[in-house]
Amino acid sequence: EDQVTQSPEALRLQEGESSSLNCSYTVSGLRGLFWYRQDPGKGPEFLFTLYSAGEEKEKERLKATLTKKESFLHITAPKPEDSATYLCASPPRSAGGTSYGKLTFGQGTILTVHP
Amino acid sequence: NAGVTQTPKFQVLKTGQSMTLQCAQDMNHNSMYWYRQDPGMGLRLIYYSASEGTTDKGEVPNGYNVSRLNKREFSLRLESAAPSQTSVYFCASSPLAGDYNEQFFGPGTRLTVL
Numbered sequence: 001e002d003q004v005t006q007s008p009e010a011l012r013l014q015e016g017e018s019s020s021l022n023c024s025y026t027v028s029g030l031r032g033l034f035w036y037r038q039d040p041g042k043g044p045e046f047l048f049t050l051y052s053a054g055e056e057k058e059k060e061r062l063k064a065t066l067t068k069k070e071s072f073l074h075i076t077a078p079k080p081e082d083s084a085t086y087l088c089a090s091p092p093r094s095a096g097g098t099s100y101g102k103l104t105f106g107q108g109t110i111l112t113v114h115p
Numbered sequence: 116n117a118g119v120t121q122t123p124k125f126q127v128l129k130t131g132q133s134m135t136l137q138c139a140q141d142m143n144h145n146s147m148y149w150y151r152q153d154p155g156m157g158l159r160l161i162y163y164s165a166s167e168g169t170t171d172k173g174e175v176p177n178g179y180n181v182s183r184l185n186k187r188e189f190s191l192r193l194e195s196a197a198p199s200q201t202s203v204y205f206c207a208s209s210p211l212a213g214d215y216n217e218q219f220f221g222p223g224t225r226l227t228v229l
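Chains as they are written, first to last, in this note's numbering: chain A, 1 to 115; chain B, 116 to 229.
Chain A extracted, bound-state conformation (with noise of 0.2 Å):
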């Protein structure tokens, strides 16, 4: 069964004290991997796509990266503001070459950001 799982579930940093987001997946031949921010009572927000092993991309304090097994999401000096609730999700194996755009979510990981 496919799976994506997100680790910590929750992480707690000081104002530019780094850090970063694990998201492992088991997804046999990954197709993309994408990263969104969720805030409370909002919809997800899209971040990143990455589409091969070695890619990486960034946004503002954002790094995302992305191995065969893994990715990680890597925040520099973050700020309050980049207190949100971070979800990896990407697409889940499929007998016709193609998820026609479906998704399997991880269960995200709630990040707070202290002044």
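Just so you know, the hints here were simulated from the structure itself, not pulled from any lab data.
Just so you know, not all the hints are guaranteed correct.
What the hints assert, rightly or not - Away from chain A, derived, C-beta distances all over 12 Å, residues of chain B: (1) Q126; (2) A139; (3) D141; (4) R192; (5) E194; (6) A197; (7) V203.
To be verified - Result set (EDC-like, lysine to aspartate or glutamate): computed pairs, CA atoms no more than 20 Å apart in a straight line: (8) K42/A x D153/B; (9) K124/B x D39/A; (10) K129/B x E194/B; (11) K68/A x E55/A; (12) K124/B x E45/A; (13) K172/B x E188/B; (14) K42/A x D141/B; (15) K172/B x E194/B; (16) K59/A x E217/B; (17) K42/A x D82/A.
Claimed, not checked - Simulated restraints on C-beta separations: (18) S24/A x D153/B: 31 to 39 Å; (19) E81/A x G118/B: 18 to 26 Å; (20) P210/B x S52/A: 35 to 43 Å; (21) V127/B x Q3/A: 29 to 37 Å; (22) K42/A x Q137/B: 13 to 21 Å; (23) N116/B x E60/A: 20 to 28 Å; (24) E60/A x G118/B: 17 to 25 Å; (25) G118/B x S52/A: 26 to 34 Å; (26) S20/A x T169/B: 37 to 45 Å; (27) I110/A x S199/B: 22 to 30 Å; (28) Q132/B x K57/A: 30 to 38 Å; (29) S83/A x R192/B: 32 to 40 Å.
Quick reminder that beta carbons are idealized off the backbone N, C-alpha and C, glycines included.
For chain A, the structure is supplied; the task is to place chain B on it using the hints.
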């Protein structure tokens, strides 16, 4: 450009009542999706529509029906609501139903079934 809009924002139903959740997107996307989000379970796909005129089941379709009314609108219907359907429902859209196409989410509908 409103993106993905959902109505209503909140709803309380009694067991056995029916209702339809509405979703519309103005980005000219071909594909649309309905998810539910429950504590500890993450986001789970209920139904999706890869293109106008097609719909298909996702991971948790039981108790739901959908209608792709046109390219812009995708509705989710609960025929006989049950307490297990208490959840937050999100609609999403994507340019194409491909593996690498990001999805854009609406603000959600918070549904409570008593």
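Now the hints, each set against the structure:
Once the 12 Å rule is applied to beta carbons, Q126/B is consistent with being away from chain A; the minimum gap is 15 Å. Consistency note on A139/B: stated as away from chain A, and its beta-carbon is indeed over 12 Å from all of that chain's, at 14 Å minimum. The beta carbon of D141/B is kept farther than 12 Å from every beta carbon of chain A, the shortest such distance being approximately 15 Å. Consistency note on R192/B: stated as away from chain A, and its beta-carbon is indeed over 12 Å from all of that chain's, at 20 Å minimum.
With 12 Å as the threshold on Cβ separation, the claim that E194/B sits away from chain A holds: the shortest Cβ distance comes to roughly 24 Å. Against chain A, the non-interface label of A197/B holds: every CB pair exceeds 12 Å, the least being about 23 Å. Distance check on V203/B: its Cβ comes as close as 9 Å (rounded) to a Cβ of chain A, failing to clear the 12 Å threshold; non-interface status is violated. Between K42/A and D153/B the CA atoms are separated by roughly 14 Å; this keeps the pair inside 20 Å, and the hint holds.
Distance hint between K124/B and D39/A is fulfilled; the C-alpha atoms sit about 16 Å from each other, no more than 20 Å. Restraint check for K129/B and E194/B: satisfied, since their Cα atoms lie roughly 12 Å apart, inside the 20 Å limit. Of the supplied pair hints, the one linking K68/A and E55/A holds, its CA atoms being roughly 10 Å apart against a limit of 20 Å. Taking the CA atoms of K124/B and E45/A, the gap is near 18 Å; set against the 20 Å cutoff, the hint holds.
Taken as a hint, the K172/B and E188/B pair is honoured in the structure, with Cα atoms around 17 Å apart against an allowance of 20 Å. With a C-alpha separation of about 19 Å, the suggested pair K42/A and D141/B falls inside the 20 Å cut-off, and the hint holds. Using a Cα cut-off of 20 Å, the hinted pair K172/B and E194/B holds, with the two alpha carbons roughly 16 Å apart. Distance hint between K59/A and E217/B is fulfilled; the C-alpha atoms sit about 16 Å from each other, no more than 20 Å.
Among the hinted pairs, K42/A with D82/A is consistent with the structure: their alpha-carbon atoms are about 15 Å apart, no more than 20 Å. A hinted range of 31 to 39 Å for the beta carbons of S24/A and D153/B is inconsistent with their spacing of about 22 Å. Taken as a hint, the range 18 to 26 Å holds for the pair E81/A and G118/B, whose Cβ atoms sit roughly 21 Å apart. Checking the proposed 35 to 43 Å range against P210/B and S52/A shows it is violated: the Cβ atoms sit about 20 Å from each other.
Hint check: V127/B to Q3/A, Cβ distance near 34 Å, so the stated range 29 to 37 Å holds. Taking the beta carbon of each, K42/A and Q137/B are about 18 Å apart, inside 13 to 21 Å as hinted. Our hint of 20 to 28 Å for N116/B and E60/A holds, since their Cβ atoms are close to 23 Å apart. For E60/A and G118/B, the hinted distance range of 17 to 25 Å is satisfied, since their beta carbons lie about 21 Å from each other.
Evaluation of the 26 to 34 Å hint for G118/B and S52/A yields a pass: the beta carbon distance comes to about 29 Å. Checked against the hint of 37 to 45 Å, the pair S20/A and T169/B passes, with Cβ atoms roughly 40 Å apart. The supplied range of 22 to 30 Å is met by I110/A and S199/B, whose beta-carbon atoms lie about 24 Å from each other. At roughly 45 Å, the beta-carbon separation of Q132/B and K57/A lies outside the given 30 to 38 Å, and the hint is violated.
Taken as a hint, the range 32 to 40 Å holds for the pair S83/A and R192/B, whose Cβ atoms sit roughly 36 Å apart.
Hint check: violations occur at hints 7, 18, 20, 28; the rest are consistent with the structure.
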